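**Student:** Sequence:
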Amino acid sequence: MFKNRQFKIKVSGCSGFIFLGLLLLCIIALLLTVPLFGFFGLSILLAKYELAHLDLYDHWYRNALYFGWFLLLVLAVVFVIDLLGLFTMASMNMDYNTGVSIISTLVQYGICLFIFHQNLVNLFNRIEFTWLGSGITVAVIYLTTSALTTTTIIEEPKND
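Residue numbers for the sequence shown follow the working numbering, so the first one is 817 and each next one is one higher.
Since the hints were made in silico from the structure, they are not lab data.
Each statement offered as a hint is correct.
Derived CB-CB ranges, DEER-like:
(1) Ile918 x Phe835: 35 to 43 angstroms
(2) Met905 x Asp871: 35 to 43 angstroms
(3) Phe833 x Ala892: 36 to 44 angstroms
(4) Leu841 x Leu948: 32 to 40 angstroms
(5) Phe940 x Phe833: 45 to 53 angstroms
(6) Ala845 x Phe930: 33 to 41 angstroms
(7) Asp871 x Leu841: 34 to 42 angstroms
(8) Phe856 x Gly832: 30 to 38 angstroms
(9) Trp947 x Trp876: 28 to 36 angstroms
(10) Glu944 x Ser831: 50 to 58 angstroms
(11) Asn938 x Leu840: 41 to 49 angstroms
(12) Tyr912 x Asn935: 27 to 35 angstroms
(13) Thr961 x Asn879: 16 to 24 angstroms
Computed from a predicted structure; not experimentally measured.
A virtual CB, placed ideally from N, CA and C, is assigned to each residue, including glycine.
Given the sequences, and given the hints that come with them, work out the whole structure.
**Tutor:** Have a look at this one:
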């Protein structure tokens, strides 16, 4: 559809400065809010209600590496469970509709929660979660990854 069209974007000086200013404001807002609303913010909120406990290191780079690997491992488990769910639905030739999507999401969430609480948390000595804290954490991570990686199945029209 767009193979032979060339896109040209013309930006005048005033609108370019406005765009750069808004981009700079977004970057500053992210830098200020990610520590408050990111994983450490979530862990502080969970620790306030005694749902989780993180034993932090003295240096920031150790915390970044330790908890970064933890989050990377959790994301990998979520992606693998999501892929297994898609392969399972494809191998069973299921019609992808809202009911199947909701049931698949709930089953995947339950599997991820069980793996997270029973296996992943036990691998890391400085992290402790209650079941409710694990449920909240997995829900936030699962919803974030599912929002970023939405899967839609588009059926091609049948030519009879």
